[in-house]
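Listed in order, the protein sequences are those of chains H and P.
Just so you know, we're using this note's numbering here: the first sequence kicks off at 267 and counts up by one.
Just so you know, we're using this note's numbering here: the second sequence kicks off at 267 and counts up by one.
FYI, nobody ran anything at the bench for these hints, they're computed from the structure.
Source: prediction; values computed, not measured.
Careful, some of the hints might be misleading.
No copy labels: a pair is met if it fits in one copy or bridges any two.
To be verified - Computed list of lysine to any residue pairs in SDA-like fashion (alpha-carbon distance at most 25 Å, straight line):
hint, residue 1, residue 2
1, LYS378, LYS593
2, LYS579, SER388
3, LYS378, VAL531
4, LYS593, LEU296
5, LYS378, GLY482
6, LYS540, SER391
7, LYS378, VAL490
8, LYS322, ALA587
9, LYS375, GLY329
10, LYS593, GLN318
11, LYS579, ASP292
12, LYS627, GLY588
13, LYS378, HIS504
14, LYS627, ARG533
15, LYS379, SER487
16, LYS378, GLY555
17, LYS582, PHE552
18, LYS593, SER404
19, LYS593, GLN315
20, LYS582, GLY298
21, LYS499, ARG533
Protein chains: 2
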Amino acid sequence: MTNRIFNFSAGPAVLPLPVLEQAQRDLIALPGVGMSILEISHRSAPFEQVIQTAEKNLRSLLGVPEDYAVLFLQGGATLQFAMVPMNLLPAGASADYVLTGSWGQSAFKEAKKFGTVRVACSTESDNFSRIPRQEELSADPKAAYLHYTSNETIHGTEFDYTPAAPAGVPLVCDSSSDFLSRPIDVARHGLIYAGAQKNAGPAGVTVVIVRKDLLGRAPASTPVMLDYAAMAKAGSLHNTPPCFSIYVVGLVLEWLVGLGGLEAVARRNREKAKLLYDAIDSSGGFYRGHSRPECRSLMNVTFRLPTEELEKKFAKESTAAGLDGLKGHRSVGGLRASIYNAFPIEGVARLVEFMQDFRQKNG
Amino acid sequence: MTNRIFNFSAGPAVLPLPVLEQAQRDLIALPGVGMSILEISHRSAPFEQVIQTAEKNLRSLLGVPEDYAVLFLQGGATLQFAMVPMNLLPAGASADYVLTGSWGQSAFKEAKKFGTVRVACSTESDNFSRIPRQEELSADPKAAYLHYTSNETIHGTEFDYTPAAPAGVPLVCDSSSDFLSRPIDVARHGLIYAGAQKNAGPAGVTVVIVRKDLLGRAPASTPVMLDYAAMAKAGSLHNTPPCFSIYVVGLVLEWLVGLGGLEAVARRNREKAKLLYDAIDSSGGFYRGHSRPECRSLMNVTFRLPTEELEKKFAKESTAAGLDGLKGHRSVGGLRASIYNAFPIEGVARLVEFMQDFRQKNG
Chain H
267 MTNRIFNFSA GPAVLPLPVL EQAQRDLIAL PGVGMSILEI SHRSAPFEQV
317 IQTAEKNLRS LLGVPEDYAV LFLQGGATLQ FAMVPMNLLP AGASADYVLT
367 GSWGQSAFKE AKKFGTVRVA CSTESDNFSR IPRQEELSAD PKAAYLHYTS
417 NETIHGTEFD YTPAAPAGVP LVCDSSSDFL SRPIDVARHG LIYAGAQKNA
467 GPAGVTVVIV RKDLLGRAPA STPVMLDYAA MAKAGSLHNT PPCFSIYVVG
517 LVLEWLVGLG GLEAVARRNR EKAKLLYDAI DSSGGFYRGH SRPECRSLMN
567 VTFRLPTEEL EKKFAKESTA AGLDGLKGHR SVGGLRASIY NAFPIEGVAR
617 LVEFMQDFRQ KNG
Chain P
267 MTNRIFNFSA GPAVLPLPVL EQAQRDLIAL PGVGMSILEI SHRSAPFEQV
317 IQTAEKNLRS LLGVPEDYAV LFLQGGATLQ FAMVPMNLLP AGASADYVLT
367 GSWGQSAFKE AKKFGTVRVA CSTESDNFSR IPRQEELSAD PKAAYLHYTS
417 NETIHGTEFD YTPAAPAGVP LVCDSSSDFL SRPIDVARHG LIYAGAQKNA
467 GPAGVTVVIV RKDLLGRAPA STPVMLDYAA MAKAGSLHNT PPCFSIYVVG
517 LVLEWLVGLG GLEAVARRNR EKAKLLYDAI DSSGGFYRGH SRPECRSLMN
567 VTFRLPTEEL EKKFAKESTA AGLDGLKGHR SVGGLRASIY NAFPIEGVAR
617 LVEFMQDFRQ KNG
């Protein structure tokens, strides 16, 4: 057994051990191929099988309808912040953004470069501690699209419903940090994007699911690599794709299929998150969750301690105890436990134990 | 010993076996870290060490001066085809392109989207079988930059000199397919870019070396991920980078340092290429090189056989003999042996033997 620690990092994040073991076993030569996945041509039959199987499993897990394209791109969610308006926001039109935290704000800020954008709702005045209810969204019925962030990693909030966009307005979701953690109603979206490095795989690949009627709207001056239509036409192989990252995403998708699909995965995730939130709620106020209880993320559990000194001490001692990456994001402070799909329940139990122990000693 | 074959693929391409072995050994947990390189935060100390050591070795191998930034980006050379003009071609200015093959043409075509571009020289009328001499370049002394492709993978030609740009005109090089195969005079360039998947590592990362005075020229409407200045300011960590690909590039750079640096590597490459070109030249015309002898690439050896039927037969039988990926690019036909840094000389010798044998049977 390798000496592995519990990795609570917000992303890149823990991967399933069976996935790492398979990648390791086949790293020098894929079975029957005689070359490493790091070396084979992206135009070869073995790689075609890798990418096609990944797409097939993704479609099956999420129930992606036939009239949606699945793309494997580069540049992370941050490049999508630009690609979405470059492709979907025509000159003279306006796009709506729901701002529930830092990532929504970043998407909004980047989109401003490419046209008119409007805030359909912001929870900033509540310190991004909550998700708005549907009736709080003042969505423009003529918007080019309505953009939201389904999970905010830094604040630890998550939509527990799919927002309704006005009729004819495509709904666009940055699903980077809760992608594949639970079922999504793809058909209610125009476009869903996700950097892989939370739940879907390693850094270096971004999954985009886009309704095909939204393709082909980019101006002719769009870089070919940033044009969804060009990438869809080429099956994500306009040029050399990030082959290894796609391969690992494929292994993760097979692991998810083996777990019984996204309903089963969501059950596991609810169970893990409940353990942690219960530990917070039963601490007599020693631990205080950042998010309002009804808006809590199942992926990123954010909490504060009575003082910043205690928070520093907690971060230091938990790291020493083999619980790594619990320090909150530098922009908000506090603690954060990221417990994505691949994070083992044993690690959550260990953290709960550590929290109880720490509270007894310092409470 | 794993059952590995000889991989003549043009990219992704063969990697050094010691690099694959180290990546395999540490794939579950980096020594002393307890997490996989696929899982660690890009803001963590272990990853900082990975990317900083990679940059240090790259600077040392290529003699990159202090006033140049080294970036690790995504999107391959094809995204650079857009980023170069987006960053360096102001409105109203014009940029010069030297066209020596398909890749130069692709760069030129993409750049047209962003401003005025001009052909400083093209060898298309010679079927891209040669590299122009310096005196053939009609370079505009007022150009925003002069772009060339140091090695054309499809045609198998390579510059054996660094073109001189007019005074004050930055020289921009697409060095994707001969990067790190020999020394480059970085200081004579304004910008050098290279997709990693030939000589430098796996697919998924692009190395850019840019003179710092060229940073900060992109218009405010440039996507942040496509702005060299923003990426330089963030040390390539504006968002999550392709961590694993950068890690493998780092291992390749260490391997190159261990070989004795780029002069030693260039000697090996000349030796390997000579074996193959000698086999072509001594075949009594059965094998005919595509490139003129004085313009031959040391990386991609392209040749034709007397008939297309024989070419098909050669490709099929060589594959069966464990010599993979010799079929030429679909756009030009014929055969192509890509023999990048990591391609072993034993594989070249095996191909020479196969060529002699094939000629005896079919000549």
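*Broken hints, by number*: 1, 2, 3, 6, 8, 9, 11, 14, 16, 18 and 21
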